[in-house]
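Residue numbers for the sequence shown follow our numbering, so the first one is 1 and each next one is one higher.
Derived by calculation from the structure, the hints in this document are not laboratory data. Fair warning: this is a prediction, and the values are worked out from it, not measured in the lab. We put the beta carbon where it would ideally sit given N, CA and C, even for glycine. Do not rely on the hints blindly, as some may be mistaken.
What the hints assert, rightly or not - Okay, the calculated beta carbon distance ranges per label pair: (1) Ala233 - Thr212: 15 to 25 Å; (2) Thr8 - His52: 52 to 62 Å; (3) Gln158 - Arg222: 18 to 28 Å; (4) Gly124 - Gly159: 19 to 29 Å; (5) Glu263 - Arg96: 15 to 25 Å; (6) Pro171 - Tyr208: 43 to 53 Å.
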Amino acid sequence: MDQGVGTTVRYAIGFPIAGPLGGDPRSVAELAWIAEQAGWDAVLLEDYLVHHIAPGRIAVSDPWMALAAAAVKTTRIKLGLMVVALPRRRPWKVAREAVSLDYLSGGRMILGVGIGDINDPGFGRVGEETDAKTRGLMLDEALEVIAGLWSGRPFSYQGRFYKIQDLTLLPVPLQQPRIPIWVGGAWPHQAPVRRAARWDGLAVYRVYRDGTSGPVSADELRAISAIVRSGRASGDPFDLVAGGYDRGTDPAKARDLVRQAAEAGATWWNEYAVGAPAAIRAQVQSGPLRIG
1 MDQGVGTTVR YAIGFPIAGP LGGDPRSVAE LAWIAEQAGW DAVLLEDYLV
51 HHIAPGRIAV SDPWMALAAA AVKTTRIKLG LMVVALPRRR PWKVAREAVS
101 LDYLSGGRMI LGVGIGDIND PGFGRVGEET DAKTRGLMLD EALEVIAGLW
151 SGRPFSYQGR FYKIQDLTLL PVPLQQPRIP IWVGGAWPHQ APVRRAARWD
201 GLAVYRVYRD GTSGPVSADE LRAISAIVRS GRASGDPFDL VAGGYDRGTD
251 PAKARDLVRQ AAEAGATWWN EYAVGAPAAI RAQVQSGPLR IG
């Protein structure tokens, strides 16, 4: 985890876990290896049950299985989920799976969490919670459960959604004091930002009034950083993850966005590769748009 806000930027790449390339976990693992060779610092995968645009018509990989395959194929690059839709998963199982991936990768795991896409059919169609506010409450409880179970000591919990009686999970995470927990959130909503301030990082994007989304601006990142700082002890490690979108067709413009984000306090720039399989491979192979 990085110290403070505004330190050296690192570069993550994400790509679909669905379709002709991402729908096969072997291809995802191969892309992770390519990303490592190309100089990326992390691979971050989404988490959904079925494809949100064409559910039931597009192949989807399980991101946990894909990361496990990537862990044994790589040696340096960090591996994470961006984000686990935690309200539809049992937190004790996530705690165990994350620790297993932490060991399998030699301490390279990042656990990104969120409430999940409100329009994700992988909730309502299988009877999972669809209300965003309730999901937020579930997420808060689940994070307390995960952190408690990672202690390696007997843990009990009595919440509205989750209950545990005197349970000990071993081993503890390879990374200490814990596997980094990044919270995903949509700005200008402040609840995810305040939630993230209690953990280890925030991956944030901008949602506009018409429902579209994009990267947050440098001024917005500064406002977000101020909220984070108000909820944390001075100097505590924290990662601010900006970006989350395709670099487009103008590398110079894209690199300028990275520079602005870094100056505003971002510690990670997260890029997303889209398009046909050949285009995704080419973007991963080209490496990050590093700034001086």
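Hint by hint, here is what the structure shows:
1. The given range of 15 to 25 Å is broken by Ala233 and Thr212, whose C-beta atoms sit roughly 36 Å from each other.
2. Thr8 and His52 have their C-beta atoms about 34 Å apart, which leaves the hinted 52 to 62 Å range violated.
3. At about 40 Å, the CB distance of Gln158 to Arg222 disagrees with the hint of 18 to 28 Å.
4. Take Gly124 and Gly159: their Cβ atoms lie about 23 Å apart, and the range 19 to 29 Å holds.
5. A beta carbon spacing of about 40 Å between Glu263 and Arg96 contradicts the range 15 to 25 Å that was offered as a hint.
6. Restraint check, Pro171 to Tyr208: a C-beta distance of roughly 44 Å satisfies the suggested window 43 to 53 Å.
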